[in-house]
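Colleague: Next come the chains, spelled out residue by residue.
2 protein chains.
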Amino acid sequence: MKVKRSERLIDITQYLMSRPRTLIPLTFFAARYESAKSSISEDLAIVKRTFAARGTGILQTVPGAAGGVRYIPAVTREFAETFLQNAAQRLAEKERLLPGGYVYLSDLLGQPTILNDIGRLIATQYVRKPVDVVMTVATKGIPIAQATASYLNIPFVIVRRDSKVTEGSTVSVNYVSGSSNRIEKMELSKRSLREGAKVLVVDDFMKGGGTVNGMRTLINEFDAELVGIAVFAEAIFSGKPMVSNYSSLLRVDDVNTQEQTIVANPGNYLDNTTFLDELAQPVATHS
Amino acid sequence: MKVKRSERLIDITQYLMSRPRTLIPLTFFAARYESAKSSISEDLAIVKRTFAARGTGILQTVPGAAGGVRYIPAVTREFAETFLQNAAQRLAEKERLLPGGYVYLSDLLGQPTILNDIGRLIATQYVRKPVDVVMTVATKGIPIAQATASYLNIPFVIVRRDSKVTEGSTVSVNYVSGSSNRIEKMELSKRSLREGAKVLVVDDFMKGGGTVNGMRTLINEFDAELVGIAVFAEAIFSGKPMVSNYSSLLRVDDVNTQEQTIVANPGNYLDNTTFLDELAQPVATHS
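These protein sequence lines are chains U and L, in that order.
Just so you know, UniProt numbering puts 44 at position 44 of the first sequence, and the rest follows in order with no gaps.
Just so you know, UniProt numbering puts 256 at position 256 of the second sequence, and the rest follows in order with no gaps.
Simulated from the structure, these hints should not be mistaken for lab results.
Predicted model only: the values in this text are computed from it and were never measured.
In this list, chains with the same sequence are indistinguishable; a pair is considered to hold if it fits within one copy or across any two.
Calculated cross-link-like contacts (lysine-lysine; reagent style DSSO-like; alpha-carbon spacing at most 27 Å):
id, residue 1, residue 2
1, K4, K48
2, K164, K94
3, K240, K207
4, K48, K2
5, K37, K48
6, K4, K37
7, K94, K190
8, K164, K240
9, K164, K185
10, K198, K185
If we strip away everything but chain U, and leave its shape as in the complex, we get:
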């Protein structure tokens, strides 16, 4: 039975949102709704306009016989600014201060709505850039990896500091923990990363960059390619950082255990991202 436009628009929106960065042929929708391709084209033009107007993301049209449409999640600068200001404020709550000057983050990184926004923000940096897999290290980076991978619609892999019988053969590397200057070990299941894969590294917190640098070594061991680094929060680090070219959503500028204060601000993310409202001709990469 032919489906009305109103119902088509609702289901197209639902369908695309559940499959980011995936090319859907027009013929798929035409068959699904028993409607003419010309009607579907009109539907998609309305979806595209509405997604752009409401800051939902990009609807990319790929012309030709092998063409179709692709929904690419991306946020506007205003959305990112508001999110990061609120997040910085929450990060600075003095109740987060732990002995030793550590900052408690587990509540924030256990909230799906916050994680989804983090994922959308990081994914916005890869609208024009191909990525095959997101990598993180257990435990606290996992939710960020999963949220990011979900909006990029690619798999994520988890590097571990301990060995597990459920991972099979692994490749392990030693790395220098930047903050403590100790030699540590991390490993990744051999079958989880293929040669040549383009890898985006994410983590919850970076200080000195030792852990991220360890993941870079691991990526080299797999003959894969590091295409980007994104962390939720970076700490001011007095020494020489072990990585450059990373994105930080937030920056912890000061932790004063005596006065019980935390100073947090948006990180460098806002300066090195092209937002939905700033993109001219977006090109997506995942099919």
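Starting from the known structure of chain U, fit chain L onto it as the hints suggest.
Modeller: Structure of chain L alone, referenced to chain U:
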């Protein structure tokens, strides 16, 4: 500027899907689109019908001055059956067999599309049941917890087997690992679970139920309430299982290391779930 129906339907769909189980007042949409409440009511009736027809979920209407609408994700029986049959087939791939008869799952549990379906399936069991928080134990349960929490739109907490300075004060319990019969320890940050919270426990794999039983002990220590247990896969266990009343999406019936075979089937999930197409008058619980 008044927004056309076609654009309203797209944006309402997008807005609701991003906020599962959250009550949205009609007045919110009326203001957002500068449209009459009667027009919004008509829009929502179309969304409700389409969501039901396409197996997207329930659009619950709450009448009265404090009322509004609420999108509750849920799947149909057919969707669940198809997903579980495919997942069982993948689980039985002989390449998954690891030394000691362990089964490699990390690739499946690192794919956002699979995780999202797992989350939707588990969330379907809680359409009528209040849940405040999802709990799991590090590491492999985390992606399942996050996906489930995302569709329930509630936080998740991570129990750890090791101590971390970034967790603050913790409560720890000892538990008997069902399969190895050893005494182990697990702990949870004190500030991450409040008294009386209704907790859904999830994990990737269960054999004997020792780990899940440990989480039950922990929930008791926090004076919280266990409202359900869901695991991705359970293994056939010859001894007396330490938990009953759990849901398993899949069941590993046999692992033969000599003949290199794994036999996997859908678990008890299909038998103890009321699906989208079987619900009479759904009642949601999260506002």
